[in-house]
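Residue numbers in the sequence shown follow this note's numbering, run continuously in steps of one, and reach 69 at the last position.
Keep in mind that a hint or two might mislead.
As a list, the in silico DSSO-like pairs of lysine-lysine whose alpha-carbon atoms are at most 27 Å apart [claimed, not checked]:
{"hint": "1", "residue 1": "K45", "residue 2": "K28"}
{"hint": "2", "residue 1": "K28", "residue 2": "K66"}
{"hint": "3", "residue 1": "K65", "residue 2": "K33"}
{"hint": "4", "residue 1": "K45", "residue 2": "K65"}
Derived from the structure by calculation, the hints contain no laboratory data.
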Amino acid sequence: MSDQVKGIGKFCDSVCPICIAARGKMPWLKPVVKAEYYSVCKLMGFFRVPWPCLIRERQTGKKPWE
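Please construct the entire structure, taking both the sequences and the accompanying hints into account.
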């Protein structure tokens, strides 16, 4: 999946450790990722700041925890 997402940057090229953990071995992190997505991420989108979660969603059609 990470090879499909381009232009995000070094830290979160869809390989953010928190998102990977939420998608994989630590599903209990999903509420944390969802809270970050619906607060910080949406705020950054409102101000047109490029944000890794939004770029990933735009390119793959999936939320960070999916």
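* Asked: Which hint numbers does the structure go against, in order from smallest to largest?
  -> No numbers; nothing is violated.
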